Amino acid sequence: MTESLATIGTRPLPEETHSCWSCGSMRAAHFCESCGKVQPPQPVDYFAFFGLPPKLNLDVATLEKDFYELSRRLHPDLNARGGSRVQEWSLEQSSMLNDAYRTLRDPIKRTEYLLHLEGMELEEQSKSATEQARATGEVKKQIVPPDLLEEVFELNMQLEELRTQKKMGEDDPALIEEIGKQKLALEEKHEALLDELKAGWKAWDALIDRGSAANAVERAQITGQMVDVLNRRNYIRNLVRDVNEALES
Amino acid sequence: MSYSDKVIDHYNHPRNVGSMDKNSTDVGTGLVGAPECGDVMKLQIKVNPATNVIEDAKFKTFGCGSAIASSSLATEWVKGKTIDEALAIKNTEIVKELSLPPVKIHCSVLAEDAIRAAIGDWKKKQDSAKPAAVEAK
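Chains A and B supply the protein sequences, listed in that same order. Sequential numbering of the first sequence, starting at 1, is according to my numbering. Sequential numbering of the second sequence, starting at 1, is according to my numbering.
Hint data in this document are derived by calculation from the structure and do not stem from the laboratory. Here the structure is a predicted model, which is why all the values come from computation and not from measurement. Treat the hints with care, since some could be wrong.
[Unchecked claim] Here are the in silico distance ranges between beta carbons for each label pair: (1) Asn12/B to Lys65/A: 15 to 25 Å; (2) Arg163/A to His13/B: 14 to 24 Å; (3) His13/B to Asp171/A: 38 to 48 Å; (4) Glu178/A to Gly18/B: 19 to 29 Å; (5) Lys22/B to Leu175/A: 39 to 49 Å; (6) Lys6/B to Glu178/A: 31 to 41 Å; (7) Arg163/A to Asn52/B: 35 to 45 Å; (8) Pro102/B to Lys65/A: 34 to 44 Å; (9) Asp9/B to Lys55/A: 29 to 39 Å; (10) Val60/A to Asn52/B: 52 to 62 Å.
Quick reminder that beta carbons are idealized off the backbone N, C-alpha and C, glycines included.
Construct all of the structure, not just a fragment, from the sequences and the given hints.
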């Protein structure tokens with residue numbers, strides 16, 4: 001089937017349309033396998049953009065290699081003489097490539113992106129949980145465990161004291177030492193949570209490998225666990241940042 | 001982003017900052033946190049056991065201006081209310097009163113959570129105190 005050149009690219013390509021706009025043969029994801037021309041971008045997720053399954057353990061070296069290869073071939077300069085549509089597509093594809101690469105190469109961003117694809121929003125979740133608590137009268141389960149909250153609160157009290165002292169030009173070595181100790185403990189927790197997150201990646205990848213991706217209950221359980229770990233980890237990261245600021249100021 | 005006048009007022013003159021004895025049976029303590037911004041909020045209520053009216057409320061919040069204003073307002077609102085009335089407070093009412101922008105809605109959610117957590121803590125204390133009170137008679 002040949003597409004009219006006037007309409008192609010102005011509407012999204014259906015999934016099954018895999019023919020090249022230029023020569024009509026089978027096209028690959030980004031280029032025609034036959035004539036090599038840049039193809040219109042398709043609305044796919046970042047994993048699919050790189051031809052990857054939606055798994056969380058991925059080989060960053062291979063990803064980087066693919067990125068540079070695609071980056072070179074999609075580069076607007078290389079496609080400058082292909083006409084305005086090809087130029088536009090290469091620009092769009094390049095921009096999507098950059099976003100996809102930046103997201104996937106960072107393990108935390110990659111995880112957050114997958115959770116987003118799965119419909120889990122870190123912040124939304126806590127809001128809907130509050131609404132549920134209001135409607136049912138049940139106690140909302142806090143994302144951050146109580147003992148961590150106690151710790152965070154106490155540390156903030158000490159930081160406040162430290163800031164006040166600094167403002168007055170005073171110096172309390174014992175307080176600084178105590179805060180330093182707590183900071184170390186938090187950094188250890190931060191590391192430990194990364195291990196916990198990696199366990200989540202393993203469980204998720206196993207689910208994808210088994211091909212039982214349609215199992216909504218299991219899916220939600222694993223992603224929910226990862227949301228929980230990420231929330232706690234973000235909390236600790238922000239706190240460590242506050243501690244550093246207070247100590248350096 | 002700029003804060004509304006009401007947020008700035010609560011931030012500069014926070015109402016009811018402080019703490020109460022968390023071990024007292026009349027006091028309920030709610031400690032909640034928002035991981036996305038690192039905020040932590042403590043809200044305490046003192047309840048009259050005969051009337052279930054919240055007679056006093058205190059808070060201490062580490063966080064942005066909106067988080068401080070939300071919890072400051074929450075203590076103002078719960079004072080003089082019964083437990084059931086306080087449980088009816090919605091985060092959207094805090095958003096409206098303080099004109100919080102969408103990115104700060106989670107601060108109001110946190111304040112509602114803090115009220116609920118404080119009341120939950122108080123209720124738990126009442127439940128566990130009941131058998132002892134009967135024995136004392």
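Hints and how they fare:
1. The beta-carbon spacing between Asn12/B and Lys65/A, approximately 56 Å, falls outside the hinted interval of 15 to 25 Å.
2. With their beta carbons about 20 Å apart, Arg163/A and His13/B fall inside the hinted range of 14 to 24 Å.
3. Checked against the hint of 38 to 48 Å, the pair His13/B and Asp171/A fails, with Cβ atoms roughly 31 Å apart.
4. Under the hint 19 to 29 Å, the C-beta atoms of Glu178/A and Gly18/B, about 23 Å apart, fit the expected range.
5. In this structure the supplied range 39 to 49 Å is violated for Lys22/B paired with Leu175/A, their Cβ-Cβ distance being about 23 Å.
6. For Lys6/B and Glu178/A, the hinted distance range of 31 to 41 Å is satisfied, since their beta carbons lie about 37 Å from each other.
7. Judged by the Cβ atoms, the range 35 to 45 Å given for Arg163/A and Asn52/B holds: they are separated by roughly 39 Å.
8. For the hinted restraint 34 to 44 Å between Pro102/B and Lys65/A, the CB-CB distance of approximately 41 Å keeps it satisfied.
9. Taken as a hint, the range 29 to 39 Å is violated for the pair Asp9/B and Lys55/A, whose Cβ atoms sit roughly 51 Å apart.
10. Taking 52 to 62 Å as the suggested C-beta distance range, the pair Val60/A and Asn52/B conforms, at roughly 58 Å.
Checked against the numbered hints above, the structure breaks hints 1, 3, 5, 9 and satisfies the rest.
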